[in-house]
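Read top to bottom, the protein sequences are chains A and B. Per UniProt numbering, residue 1 is the first one in the first sequence, and the count goes up by one each step. Per UniProt numbering, residue 1 is the first one in the second sequence, and the count goes up by one each step.
In short, the hints are calculated from the structure, not lab data. Honestly, I wouldn't trust all of these hints.
[Stated by the list, open to error] Derived lysine-lysine pairs resembling DSS-like cross-links, with alpha carbons at most 27 angstroms apart:
id	chain 1	residue 1	chain 2	residue 2
1	B	Lys144	A	Lys126
2	B	Lys60	A	Lys103
3	A	Lys94	B	Lys111
4	B	Lys111	B	Lys94
5	B	Lys144	B	Lys63
6	A	Lys103	B	Lys94
7	B	Lys144	A	Lys103
8	B	Lys98	A	Lys94
9	A	Lys85	B	Lys98
10	A	Lys94	B	Lys144
11	B	Lys296	B	Lys308
12	B	Lys94	A	Lys94
13	A	Lys126	B	Lys111
14	A	Lys306	A	Lys248
15	B	Lys94	A	Lys126
16	B	Lys98	A	Lys103
17	A	Lys103	B	Lys100
18	A	Lys103	B	Lys63
19	B	Lys60	A	Lys94
20	B	Lys111	A	Lys122
21	A	Lys126	B	Lys98
22	A	Lys103	B	Lys111
23	B	Lys360	B	Lys482
24	A	Lys126	B	Lys60
25	A	Lys94	B	Lys63
26	B	Lys305	B	Lys315
27	B	Lys144	B	Lys111
28	A	Lys122	B	Lys296
29	A	Lys122	B	Lys94
[Unchecked claim] Simulated restraints on C-beta separations:
id	chain 1	residue 1	chain 2	residue 2	range
30	A	Met20	B	Asp173	48 to 56 angstroms
31	A	Asp31	B	Ser166	18 to 26 angstroms
32	A	Met20	B	Leu215	38 to 46 angstroms
Given the structure is predicted, the values throughout are model-derived calculations rather than measurements. For each residue, glycine too, the CB sits at the ideal point set by N, CA and C.
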Amino acid sequence: MKQNYVILTVFILGICLSLMFTFHFFLRTLDIEAPTAAGENLPEADYHFVLIVQEAESKYLLELFEGAQDAARERGATIEYWGTKQTNIEDHIKLIEMAIAAKVDGILTQGLSNEFEAVINKALVKQIPVIMVDSDLDDNDDLPYVGTDNYHAGYELGSAVLTETEGETKIGIVTGSILANNLNKRIQGFLEAISEDDRMEVVSIESSNLSKIQGAEKTYQMLKNHPDISIFFGTSALDSLGISEGIKKMNAARQIRVYAFDDLEETVALLKAGEIHAIMKQEPYEMGYTGVHSLIALIQGNDIMKDFYTPAAIIKKEDVEK
Amino acid sequence: MKSSKRLTMPIRKKFTLYFIVFFFILISLSLFSNFNYNQTVHQYNHIQERFFLLNDVSQKSTKTYEAMDVFLNKQLATDYEQYRNSRQALVEAKDLLKEKFQNEHNYTSTKNYLSMIDSLLEESDTAIAAFLADDLEVYSSRQKEAFMLIGFIQDQTLSLLNDDLSMFQTYYDAINERNDYMQLTLISMTATALVSGLFITYLFSNSITAPIYQLTETARQVSAGELDGPKLPESNDEIGFLAQTFNKMRIDLANNVRQLKEKSEQEKLLKEMELKSLQSQINPHFLFNTLNTISKCALIDGSEKIYKLINSLSKMLRYNLGSMDKPVTLSDEINVVQDYFYIQKTRFESRVRFVVNISKECLSLKIPVLTLQPLVENAFIHGIEPYEQQGLIEIEGYTEDQFIVLNIRDNGIGMDFQTKQRILNKSYHTSPNITANASGHSTGLGLTNVLKRLELFYHFQHRVTIDSEAGKGTMIQLMLPKHSEEEGSYV
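Construct the complete structure from the given sequences, taking the supplied hints into account.
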């Protein structure tokens, strides 16, 4: 009889155990997330915008998109982030064309080149508002612009160089792209500022093609040709990195000061290390945020300012160490 | 056993139930796996259907553009018709896409895609309208525009496909994972089915074999002679019937054995009596011859009294030592009693009186040998001998209904209640101790022996009553069945 009970217990345990397993695995089979069926949970947004940028993976532009996204979320709109991998005017235009074909409610784009004018006009004809962010078109008289006053920022940096140097000073400039309007304006402002004193001389302006390696190469060559350069000015985010690498390669004994644009993590680290002297810090988040709000204002028929300048300020080692 | 009591249904029903349960488990297993298979196939189809939809729209856009191009080039009415048809097909496919493809994750990109198709439709319509209005400049620019849109649509188709693929990559992985779990579920279900099948089989075989085992065990006991074990449980099934029959058989067997034992006891008693009689046959021929010689001598010497006395003694002895295994008639018994009485009469002379009063029809009654004489002797020894006055012993016989009643009455000292009870109880419940009551005066057989033999001979009890009171005499009454000659026999 005792053995009987042992066998019964074993059987009942076995049945319970296997039932538990069955149940457990069965629950696991139910626990599968099917993709939402078509037509379900469709996000209803009032407006559908597109932000078109020149370099989709750039941190700076991603921050800009973040600002735009936050603004869109506040206003119940959706915003897409489109961009070429590297600056490519032709593809950029194609993206704007696509946005027009997709009948979006508004376009935010960098005004990289005046070749954009035709396609922007096409958008305006189709009653799609376009706002320039970060960089403006040349001689832009009627399209709204949200971003740093690039001329002014360049001018500020130039003034800083002027006050922080004494005597004959040779200057080298590395710019991301010779074609980019925003960079050119920075150079214009910079040149304007230093032209006030004739002890300043810009010995060379070279393009890095928005590449750190090319920036380093150009710096190296510049220093080779003009060993007496004591000031470098990098107009776009990656230029300052290239410059400081080029200087390191040259192993110059002299103190060379680097004036940079944009506070990338690496740039700030170099600033802390003393390899970069000053950074012109822009506010891309501000640009995106204000850009979206301006688009909505335009659609709703409100008047907006032609130019909305977001703040930009010089930061130095002391500022980041605080 | 508990379980056999709980599962008291016929084996046939048990079989049926068992198979129903088993088939149910098997069927549910196969249904489940079939359901799984269908679901998986459905999910794969669902994914594919989306791709087909997308491809369909893309192809129809191209076709619409081509139809427009052909019409603009060839300017045939049939080509226009072709364009209208393609356009209609595209609109339908587009609506279907919107309905079946657009979801939470690809809402915006699908919306863009649909808008691009709308743009294409608008541009091509405008191109054709401009062509029909001979507005050459507009229609060629629109056609160009439409061509660009076709490029966008194809790009967007690819990007949507890519998105869908990467979206469904996770889903596909999930489906595969789910299938793995399904497999595990199936394995566990199979294990459950196996274990419960074994369990049911175990219970089932137990409920059949346990009673059989019990039956075997009990049969072994019975064959070893243990007839009074516990009863087998009688369940409702076929085995229960066997158990029931077996129980009855065992009870009957026990009854038979008891009867057999009783019979052998009778024989034992008879043997003891024979032994006793043999003990008293101390050279009986010599004794008889001597007694005859003495009686003849007494007759020659003229002593008739002695002759008669010795003759009576001789007859009595012969009767006593005669055949023991045959019943005799009542009249034979009376004769022996008369002889015995004659002897006693000589001894007690006129102090005792003997009366026999028996109706004629009673005389032929068959009774066991030496029934009456020991009773009369008992009356003498215990009733009259210690009694100092005129004694009377009376034998009365008459018929009453189916019985013949024999009364042996004396007027002696009687006996008290305890003695009476002792005698009766002894005769009924213990085997008679023949020598116990023998005293020097008796011929040998005690009262209890007589009563016991009567009981065995007639198979009755309590047909003997003793009516006695101290100082007032004793009456022993025997009620014997009239037709005892048919049933009554010692052997």
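Hint by hint, here is what the structure shows:
no.	hint	in the structure
1	B:Lys144 x A:Lys126	17 angstroms, holds
2	B:Lys60 x A:Lys103	21 angstroms, holds
3	A:Lys94 x B:Lys111	18 angstroms, holds
4	B:Lys111 x B:Lys94	11 angstroms, holds
5	B:Lys144 x B:Lys63	16 angstroms, holds
6	A:Lys103 x B:Lys94	16 angstroms, holds
7	B:Lys144 x A:Lys103	18 angstroms, holds
8	B:Lys98 x A:Lys94	25 angstroms, holds
9	A:Lys85 x B:Lys98	30 angstroms, violated
10	A:Lys94 x B:Lys144	14 angstroms, holds
11	B:Lys296 x B:Lys308	10 angstroms, holds
12	B:Lys94 x A:Lys94	24 angstroms, holds
13	A:Lys126 x B:Lys111	18 angstroms, holds
14	A:Lys306 x A:Lys248	43 angstroms, violated
15	B:Lys94 x A:Lys126	22 angstroms, holds
16	B:Lys98 x A:Lys103	16 angstroms, holds
17	A:Lys103 x B:Lys100	21 angstroms, holds
18	A:Lys103 x B:Lys63	22 angstroms, holds
19	B:Lys60 x A:Lys94	23 angstroms, holds
20	B:Lys111 x A:Lys122	21 angstroms, holds
21	A:Lys126 x B:Lys98	24 angstroms, holds
22	A:Lys103 x B:Lys111	9 angstroms, holds
23	B:Lys360 x B:Lys482	13 angstroms, holds
24	A:Lys126 x B:Lys60	26 angstroms, holds
25	A:Lys94 x B:Lys63	23 angstroms, holds
26	B:Lys305 x B:Lys315	15 angstroms, holds
27	B:Lys144 x B:Lys111	23 angstroms, holds
28	A:Lys122 x B:Lys296	181 angstroms, violated
29	A:Lys122 x B:Lys94	25 angstroms, holds
30	A:Met20 x B:Asp173: 48 to 56 angstroms	26 angstroms, violated
31	A:Asp31 x B:Ser166: 18 to 26 angstroms	22 angstroms, holds
32	A:Met20 x B:Leu215: 38 to 46 angstroms	40 angstroms, holds
When the structure is compared with the earlier hints, violations turn up for hints 9, 14, 28 and 30 and for no others.
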